[in-house]
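Visitor: Construct the entire structure; sequences and hints are all you get.
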Amino acid sequence: MQSTVAAGEARKGHPPGLYLLFATEMWERMSYYGMRGLLVLFLTDKVRGGFGWSAADALGLYGTSTGLVYLTPILGGYIADRYIGQRKAVVLGGALMVIGHLLLALPGISIFYAGLGFLIIGNGFFKPNISTMVGGLYPAGDGRRDGAFTIFYMGINLGAVLGNFICGTLGERVGWHWGFGSAGVGMTLGLIIFMALSRRFLGTVGLAPAPRPTEAQKTTPDGKHHAFSRQEWDRIIVIFIIALFVVAFWTGFEQAGGLMNLYTDQKVDRTMFGWEVPTTWFQNFNSVFIVTLAPLFAAVWSSLAAKGKDLSIPVKMSLGLIFLAVGFAFMLGASKESAADGKAAAWWVIMAYLFHTMGELCLSPVGLSMVSKVAPQRVVSAMMGVWFLANAVANKLSGVLGGYSEKMGEFSVFLTIVIGAGLAGVILLFLAPMLKRMMHGTDEVTPAPAPAHQEGTVHPAT
-14 MQSTVAAGEA RKGHPPGLYL LFATEMWERM SYYGMRGLLV LFLTDKVRGG
36 FGWSAADALG LYGTSTGLVY LTPILGGYIA DRYIGQRKAV VLGGALMVIG
86 HLLLALPGIS IFYAGLGFLI IGNGFFKPNI STMVGGLYPA GDGRRDGAFT
136 IFYMGINLGA VLGNFICGTL GERVGWHWGF GSAGVGMTLG LIIFMALSRR
186 FLGTVGLAPA PRPTEAQKTT PDGKHHAFSR QEWDRIIVIF IIALFVVAFW
236 TGFEQAGGLM NLYTDQKVDR TMFGWEVPTT WFQNFNSVFI VTLAPLFAAV
286 WSSLAAKGKD LSIPVKMSLG LIFLAVGFAF MLGASKESAA DGKAAAWWVI
336 MAYLFHTMGE LCLSPVGLSM VSKVAPQRVV SAMMGVWFLA NAVANKLSGV
386 LGGYSEKMGE FSVFLTIVIG AGLAGVILLF LAPMLKRMMH GTDEVTPAPA
436 PAHQEGTVHP AT
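Numbering (our numbering), first residue to last: -14 to 447.
Note that these hints are calculated values from the structure, not bench results.
These numbers come from a predicted model, not from an experiment.
Ideal placement from N, C-alpha and C gives every residue a C-beta, glycine not left out.
Fair warning: there could be bad hints in the mix.
Pair ranges (Cβ atoms, derived) [as the list claims (entries may be wrong)]:
1) Leu289 - Tyr4: 22 to 28 Å
2) Ile404 - Ala330: 22 to 28 Å
3) Tyr98 - Phe213: 52 to 58 Å
4) Ala212 - Met393: 46 to 52 Å
Guide: So this is what it looks like as structure tokens:
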């Protein structure tokens, strides 16, 4: 595939490389969410060969491992930027994750820890670089980029659906090793697809490390090294500020695989139509809502951008925090009902996942797109790694906060999240105009060019 496309054609739809990255991410997320849905259930299981840990210990390991999954992208992004390029980093990360999933399927706690280690390191190479390549498919100012990340996000959640159905069902109903092993098969499929089709559909995107400045670019006429400009520092600061609010969001949201997972298993009436629904299937409501609502959200963002009325990135993300708070308000109702009647109705949890999903669509794909646009080009993958650092901190805090449920009760934990996420959303909304100015127009979109016959180049993310 050539690295040039007709500009008019490019603006009408999305490049085919987006759908290759979509498919690759879908299978990788199938493996990750399939493993994640089983993790705390396996660790706390005392009957079917699990480790029989307490909820606090299981949630502690859950928070640590999922936190590290989002910490290692800082190193993986740096190595890709500086040495090997994004495409090789994705292949290396995928291969390490295949090994990790297969190790989880083997008996023994030492092997289990080794498997988690391979997953953590492999994800560090895979996650920031495949996300950055999505941005690299579009030139600067292309209004389709937010929509592209929303479509990409559908791949993430289709993978999550497959993971919870396939890995979750096999793990809960057949055997834990079947669930973990099937996650490895999913990752293998994603790796094969990427390696077979990347040259054809991605052109030169992600093939080489980020371009290094020449000696003339490195230094000023008086011999001093070039530093970031004031505008570049403003843009970097914006990413760090918004990342703090993202910590608040993911600390609540990641209860899905931890406390909400255990709560659904133990205190929710899961019987539907005379059949008990597997616990892991409830996490699919988030994914189903994502797949259902993502096209709507993508259309809304694109429509507002075309009319020049697009909401700023900080405003969209503040709405995400507010939606999260509303979702956990439903969990307050669930915890009151289970305390009174022993079991809570399933619809409380389903409604919580609906609002969590709406919040996720306002915050996560928009945030990924923001980093690819706002970060200075020479550190874009490293900044994507910093973005995932917020997820790392949040995942660890999620496990710690969820573990307090044994002492405080679920109601108190859910109430803490409602208050924290709601306040964070209001504060971010207040700061939005200032943050918008500090982006210095890098978040703006430009209209599609009128001539359909002119040719333009697919640029890397800016």
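Visitor: Run every hint past the structure and note whether it holds.
Guide: Hint check:
For leucine 289 and tyrosine 4, the Cβ-Cβ distance of about 24 Å falls inside the hinted range of 22 to 28 Å, so the restraint holds. Hint check: isoleucine 404 to alanine 330, Cβ distance near 24 Å, so the stated range 22 to 28 Å holds. For tyrosine 98 and phenylalanine 213, the Cβ-Cβ distance of about 40 Å falls outside the hinted range of 52 to 58 Å, so the restraint is violated. At roughly 48 Å, the beta-carbon separation of alanine 212 and methionine 393 lies within the given 46 to 52 Å, and the hint holds.
Comparing the model with each numbered hint stated earlier shows that hint 3 is the single one that does not hold.
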